[in-house]
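J.: The primary structure of each chain is shown beneath.
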Amino acid sequence: MTFAAKSLAALALSALLAPAPPLGAAEIWVTNEKDDTISVIDIATLEVVRTIATGERPRGITFSKDFSRVYVCASDSDTVQVLDAATGEILHDLPSGEDPEQFVLHPNDRHLYIANEDDAVTTVVDTETRKVVAQINVGIEPEGMAVSPDGRIAITTSETTNMAHWIDTQTQQLFANTLVDARPRHAEFTAGGSALWVSSEIGGTITVFDTATQAETGKITFDVKGVHPDRVQPVGFAFTNDEQTAFVALGPSNHVAVVNAETLEVEDYILVGRRVWHMAFSPDKSLLFTTNGVSGDVTVIDTARRQALKSIKVGRFPWGAALRP
Amino acid sequence: MRFLITLLMALCPAAFAAAAGLEVPVIYLKQQEQQPPTLSNLDPPPADLGETGARLGLADNRTTGSFLGHSYSLETVAVPPGGDFAAAARAALARSALLILDAPKPALLAAAALPEAQEALLFNTASPDTGLRSGDCRRNLLHTLPSDLMRSDALMQFALSKRWTGLALITGKNPQDQAFAGALRQSAAKFGLEIAAERTWDYGADMRRNAAQEVPLMSQGLGRHDLLLVADELQDFARYLPYNTWLPRPVAGSEGLVPAAWAPVVEQWGAAQLQSRFQELAGRKMLARDYAAWAAVRSIGEAVTRTGSSDAGVLRRYLLSDAFELAGFKGRPLSYRSWNGQLRQPIPLATPRALAAQAPLPGFLHQHSELDTLGLDAPESRCGAFQ
Numbered sequence: 324m325t326f327a328a329k330s331l332a333a334l335a336l337s338a339l340l341a342p343a344p345p346l347g348a349a350e351i352w353v354t355n356e357k358d359d360t361i362s363v364i365d366i367a368t369l370e371v372v373r374t375i376a377t378g379e380r381p382r383g384i385t386f387s388k389d390f391s392r393v394y395v396c397a398s399d400s401d402t403v404q405v406l407d408a409a410t411g412e413i414l415h416d417l418p419s420g421e422d423p424e425q426f427v428l429h430p431n432d433r434h435l436y437i438a439n440e441d442d443a444v445t446t447v448v449d450t451e452t453r454k455v456v457a458q459i460n461v462g463i464e465p466e467g468m469a470v471s472p473d474g475r476i477a478i479t480t481s482e483t484t485n486m487a488h489w490i491d492t493q494t495q496q497l498f499a500n501t502l503v504d505a506r507p508r509h510a511e512f513t514a515g516g517s518a519l520w521v522s523s524e525i526g527g528t529i530t531v532f533d534t535a536t537q538a539e540t541g542k543i544t545f546d547v548k549g550v551h552p553d554r555v556q557p558v559g560f561a562f563t564n565d566e567q568t569a570f571v572a573l574g575p576s577n578h579v580a581v582v583n584a585e586t587l588e589v590e591d592y593i594l595v596g597r598r599v600w601h602m603a604f605s606p607d608k609s610l611l612f613t614t615n616g617v618s619g620d621v622t623v624i625d626t627a628r629r630q631a632l633k634s635i636k637v638g639r640f641p642w643g644a645a646l647r648p
Numbered sequence: 054m055r056f057l058i059t060l061l062m063a064l065c066p067a068a069f070a071a072a073a074g075l076e077v078p079v080i081y082l083k084q085q086e087q088q089p090p091t092l093s094n095l096d097p098p099p100a101d102l103g104e105t106g107a108r109l110g111l112a113d114n115r116t117t118g119s120f121l122g123h124s125y126s127l128e129t130v131a132v133p134p135g136g137d138f139a140a141a142a143r144a145a146l147a148r149s150a151l152l153i154l155d156a157p158k159p160a161l162l163a164a165a166a167l168p169e170a171q172e173a174l175l176f177n178t179a180s181p182d183t184g185l186r187s188g189d190c191r192r193n194l195l196h197t198l199p200s201d202l203m204r205s206d207a208l209m210q211f212a213l214s215k216r217w218t219g220l221a222l223i224t225g226k227n228p229q230d231q232a233f234a235g236a237l238r239q240s241a242a243k244f245g246l247e248i249a250a251e252r253t254w255d256y257g258a259d260m261r262r263n264a265a266q267e268v269p270l271m272s273q274g275l276g277r278h279d280l281l282l283v284a285d286e287l288q289d290f291a292r293y294l295p296y297n298t299w300l301p302r303p304v305a306g307s308e309g310l311v312p313a314a315w316a317p318v319v320e321q322w323g324a325a326q327l328q329s330r331f332q333e334l335a336g337r338k339m340l341a342r343d344y345a346a347w348a349a350v351r352s353i354g355e356a357v358t359r360t361g362s363s364d365a366g367v368l369r370r371y372l373l374s375d376a377f378e379l380a381g382f383k384g385r386p387l388s389y390r391s392w393n394g395q396l397r398q399p400i401p402l403a404t405p406r407a408l409a410a411q412a413p414l415p416g417f418l419h420q421h422s423e424l425d426t427l428g429l430d431a432p433e434s435r436c437g438a439f440q
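First to last, the sequence lines map onto chains S and D.
FYI, the numbering for the first sequence is 324 to 648, going by the working numbering.
FYI, the numbering for the second sequence is 54 to 440, going by the working numbering.
The hints are simulated quantities; they were obtained by calculation from the structure and are not laboratory data.
Just to be clear, a hint being listed does not mean it is correct.
Footprint (simulated), chain D over chain S, 3 or more residues, beta carbon under 8 Å [to be verified]:
id : region
1  : 370-377
2  : 458-468
3  : 484-495
4  : 501-512
5  : 550-561
The calculated DMTMM-like cross-link candidates involving lysine to aspartate or glutamate, where the alpha carbons are at most 25 Å apart (straight line), are [to be verified]:
id : chain 1 : residue 1 : chain 2 : residue 2
6  : S       : Lys548    : D       : Glu378
7  : D       : Lys338    : S       : Glu379
8  : D       : Lys158    : D       : Asp430
9  : S       : Lys542    : D       : Glu378
10 : D       : Lys338    : S       : Asp401
11 : S       : Lys633    : S       : Asp365
12 : S       : Lys548    : S       : Glu585
13 : S       : Lys388    : S       : Glu566
14 : D       : Lys158    : D       : Asp425
15 : S       : Lys636    : S       : Asp442
16 : D       : Lys338    : S       : Asp441
17 : D       : Lys226    : D       : Asp96
18 : D       : Lys338    : S       : Glu421
19 : D       : Lys338    : S       : Asp399
20 : S       : Lys636    : S       : Asp607
21 : S       : Lys636    : D       : Glu320
22 : S       : Lys548    : D       : Asp375
23 : S       : Lys608    : S       : Asp441
24 : S       : Lys388    : S       : Glu539
25 : D       : Lys158    : D       : Glu169
26 : S       : Lys454    : S       : Glu412
27 : S       : Lys542    : D       : Asp375
28 : D       : Lys338    : S       : Asp442
29 : S       : Lys548    : D       : Asp425
30 : S       : Lys357    : D       : Glu333
31 : S       : Lys357    : D       : Glu320
Computed from a predicted model, the values in this text were never measured in an experiment.
For glycine and all other residues, C-beta sits at the position ideal for the given N, C-alpha and C.
Given only the sequences and the hints, what does the whole structure look like? Please build it.
T.: Right under this line is the structure:
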C-alpha cells in the first residue's frame with residue numbers, strides 16, 4: 324500500500340516535472356464490449372481522459388505500426404473500424420467478414436488477419452485497398468490470432484474445434500492444425516518467433532509449440548490457492564521485453580499469473596479485478612494494464628514488484644487493450 | 054493423456070494412419086410420444102426438440118473432423134407412439150455402437166438391456182429420472198440431461214442464498230410432475246428448507262378465462278411462504294400462477310424461475326455463439342433437451358478427437374476418465390461422474406427474459422467439485438454398475 328502510494332506519487336511527480344504535450348502522452352486504449360466505446364487511459368495520471376464511441380460490441384483493438392490509426396473489431400456491426408488515433412474520429416470501415424472478434428496486424432503493416440467468430444472463417448483484409456484478400460476456413464469459433472515476427476505464419480485458434488490453425492501467409496492456406504486443450508482463446512509468438520504459446524480457457528493450460536516443427540514442447544498449468552481449478556481459465560497473455568517472463572490473465576479466478584518463460588513454472592499470482600481478459604504494457608513495460616470484464620475496470624500492475632497498484636473504472640465489460648506510446 | 058497419444062503416434066504410426074479416415078456414425082433414436090393436452094397452445098414443444106441439438110453437435114464435430122480425417126454422420130430413427138423401441142434399438146446397434154436415446158425411462162432400460170448394447174455407448178438425453186442415476190443405472194448408459202434432483206438442488210441453493218426458507222408447492226397430476234415434486238421435497242430437506250404447504254392441481258376449469266378467480270382462492274390456503282414452487286413439467290397450468298397468487302410471491306420450478314440444463318437467455322461464456330449457431334440451424338431457440346443432445350454428440354466428438362478411435366469401449370473409458378473435459382458454454386469444463394455416468398454441469402436458473410443465477414451458487418462447497426453439490430453425489434447414488 325505504502326509502495327503503491329509512493330509509486331503513484333512518483334508517477335504524479337514525474338508527470339509534473341516533465342509535462343509532456345497532451346497529445347504525446349502514452350495511453351492505453353480499452354474497448355468496452357457492452358458500452359460500444361473505447362476508454363483512453365493516460366499512463367502518466369492513470370485516469371480515463373477520453374471516451375470514444377465505436378460500432379457495436381468493440382473487442383479486438385490494435386494500432387498501425389506508426390500509431391496514426393487504430394483498428395477496432397466492432398463485432399456486432401460486422402466490421403472492422405479504422406479510427407484516427409489522434410482525434411478518435413472514425414475514418415472508415417473495413418470489410419471484415421461476419422462477427423470479427425480478434426485480429427492481428429501483419430508486420431507488413433497492411434494485412435489484417437481477422438477471426439470471424441460466428442463464421443468459422445479467418446478473413447485477410449488489405450487495409451490500403453480495403454479489400455478482402457482471402458478467406459480461410461478454420462475451426463468453429465475462431466478467436467486467438469497471432470503472426471510470426473518474420474510474417475510468414477499466421478495463427479488462428481478455434482474455441483470449439485480446440486485447435487491452432489497454422490496459415491502460410493504467402494499462399495493464405497492452412498499448412499498445419501494442432502490440437503490444444505479445450506477452448507483456446509489467445510495465441511502469441513515469442514519475440515524471436517521460435518515458439519508459439521496458445522492459452523486454453525476451459526482446459527486451464529497454455530500449450531507451447533516449436534514453430535519449426537509445430538510440435539508441442541511444453542504445457543503450463545496453474546494452481547491459484549483457494550480457487551477451484553475449474554475457475555482458473557487462462558485467456559490473454561503478454562511477454563516482458565527480455566522474454567524471461569509472461570503475464571497470463573486467468574479469467575474468473577481474478578488473478579494474473581507471472582510465468583517463467585524458460586522453465587514454464589508459475590512464480591507469482593497477482594489479484595486483479597473480476598474475469599480478467601486481456602492486457603497491454605506501458606512503453607517501458609514497467610506497468611501492465613489488464614481488462615477486467617465483469618468488474619468493469621482496469622487493474623494497473625507494477626511488473627517489477629508484481630503488485631497491483633490501482634483499479635481504474637472504465638466502461639461496461641472491458642475486453643481488449645492496446646498501447647499508444 | 055495428450056502425451057500418451059503423441060507417444061502412441063510415435064510408436065505405432067500405422068495405427069495412427071488407420072485412424073485418419075475414421076468413420077464415426079451416430080444414430081439418434083427417438084421415441085415419439087402422444088402428449089396430453091395442455092390448457093394453452095401458446096408454445097407447444099417443437100417437433101425437432103433434441104434432434105436439432107444433435108445436428109448442431111454433428112456440425113461442430115464435422116468441422117474438427119475435417120482437420121483430422123474423421124468423418125461423422127448422424128442418422129435419425131423415430132419410433133412411433135406405442136412402437137417397439139427395443140427392436141428399433143437392436144436394428145440401430147447393428148449399424149452403430151453409438152446411440153443417442155431420446156426416450157422415457159422404460160424405453161431406455163429396454164434398449165440398455167439388449168445383448169447387442171452391452172459393449173455399446175448409449176446417451177440418455179431426455180429422461181430426468183433420478184433413479185436412472187441411482188439404483189436403476191446401467192453401465193452402458195450415460196446421461197447428459199440433468200436429473201430432476203440436479204435441477205431441484207440448483208433451485209434450493211438459490212432459495213437458501215436468498216433466505217427464502219418458507220416454501221409452498223403446487224403439483225400437477227402427471228408422473229413427470231410428481232417426480233419433479235419428489236425431487237423438490239428431497240432438495241428442500243437437503244438444504245434445510247421447509248415446504249410447509251402443498252396442493253395438487255386438479256382443477257378442470259379453463260385457466261385462460263378463470264386464472265384471476267381460481268388461483269387466488271387456491272393459493273390463499275397455502276399459508277405463509279416466501280416462494281411458491283410449482284411442479285408442472287408438461288407446462289399445463291403453471292403459466293397462470295404468477296401475479297394471480299393470493300400473496301405477492303415469486304414462482305419457481307416449472308414456471309417463473311426455472312432451473313434447467315439450458316435456456317435461451319444463457320449468453321455468457323461464449324454461449325451467445327452457441328445460441329446463434331442453433332438459431333440459424335433450427336429457426337428457433339435452443340432448449341434444455343437440445344443442449345443435452347448437443348452435449349452427447351459433442352462428447353463423442355471430443356473423445357474421438359482425443360483418442361483417435363471410434364470404438365465404443367475406448368470412448369467410454371476416455372469419457373469417464375479425468376482427462377475428459379467438454380467446453381459446454383457454462384463457464385466450467387463439463388465431465389462425467391464416474392459413479393453413475395451423469396454429465397456434471399452448472400444449472401442455469403432462468404426467467405423468460407434473463408439469467409437470474411447459475412448454480413452451484415457461491416458458498417455451496419464440496420471436497421472435490423462444487424458441481425457435485427447438484428444431484429446425487431457418490432455416497433448418495435445407489436448405482437453399482439460403474440464400479
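J.: Each hint: holds or not?
T.: Evaluated hints:
{"no.": "1", "hint": "370-377", "verdict": "violated (count 0)"}
{"no.": "2", "hint": "458-468", "verdict": "holds (count 3)"}
{"no.": "3", "hint": "484-495", "verdict": "holds (count 4)"}
{"no.": "4", "hint": "501-512", "verdict": "holds (count 4)"}
{"no.": "5", "hint": "550-561", "verdict": "holds (count 3)"}
{"no.": "6", "hint": "Lys548(S) with Glu378(D)", "verdict": "holds (22 Å)"}
{"no.": "7", "hint": "Lys338(D) with Glu379(S)", "verdict": "holds (23 Å)"}
{"no.": "8", "hint": "Lys158(D) with Asp430(D)", "verdict": "holds (21 Å)"}
{"no.": "9", "hint": "Lys542(S) with Glu378(D)", "verdict": "holds (17 Å)"}
{"no.": "10", "hint": "Lys338(D) with Asp401(S)", "verdict": "holds (22 Å)"}
{"no.": "11", "hint": "Lys633(S) with Asp365(S)", "verdict": "holds (13 Å)"}
{"no.": "12", "hint": "Lys548(S) with Glu585(S)", "verdict": "holds (23 Å)"}
{"no.": "13", "hint": "Lys388(S) with Glu566(S)", "verdict": "holds (21 Å)"}
{"no.": "14", "hint": "Lys158(D) with Asp425(D)", "verdict": "holds (23 Å)"}
{"no.": "15", "hint": "Lys636(S) with Asp442(S)", "verdict": "violated (33 Å)"}
{"no.": "16", "hint": "Lys338(D) with Asp441(S)", "verdict": "holds (17 Å)"}
{"no.": "17", "hint": "Lys226(D) with Asp96(D)", "verdict": "holds (20 Å)"}
{"no.": "18", "hint": "Lys338(D) with Glu421(S)", "verdict": "holds (21 Å)"}
{"no.": "19", "hint": "Lys338(D) with Asp399(S)", "verdict": "holds (19 Å)"}
{"no.": "20", "hint": "Lys636(S) with Asp607(S)", "verdict": "holds (23 Å)"}
{"no.": "21", "hint": "Lys636(S) with Glu320(D)", "verdict": "holds (24 Å)"}
{"no.": "22", "hint": "Lys548(S) with Asp375(D)", "verdict": "holds (21 Å)"}
{"no.": "23", "hint": "Lys608(S) with Asp441(S)", "verdict": "violated (34 Å)"}
{"no.": "24", "hint": "Lys388(S) with Glu539(S)", "verdict": "violated (31 Å)"}
{"no.": "25", "hint": "Lys158(D) with Glu169(D)", "verdict": "holds (19 Å)"}
{"no.": "26", "hint": "Lys454(S) with Glu412(S)", "verdict": "holds (21 Å)"}
{"no.": "27", "hint": "Lys542(S) with Asp375(D)", "verdict": "holds (17 Å)"}
{"no.": "28", "hint": "Lys338(D) with Asp442(S)", "verdict": "holds (19 Å)"}
{"no.": "29", "hint": "Lys548(S) with Asp425(D)", "verdict": "holds (20 Å)"}
{"no.": "30", "hint": "Lys357(S) with Glu333(D)", "verdict": "holds (23 Å)"}
{"no.": "31", "hint": "Lys357(S) with Glu320(D)", "verdict": "holds (13 Å)"}
The earlier numbered hints that this structure contradicts are 1, 15, 23, 24.
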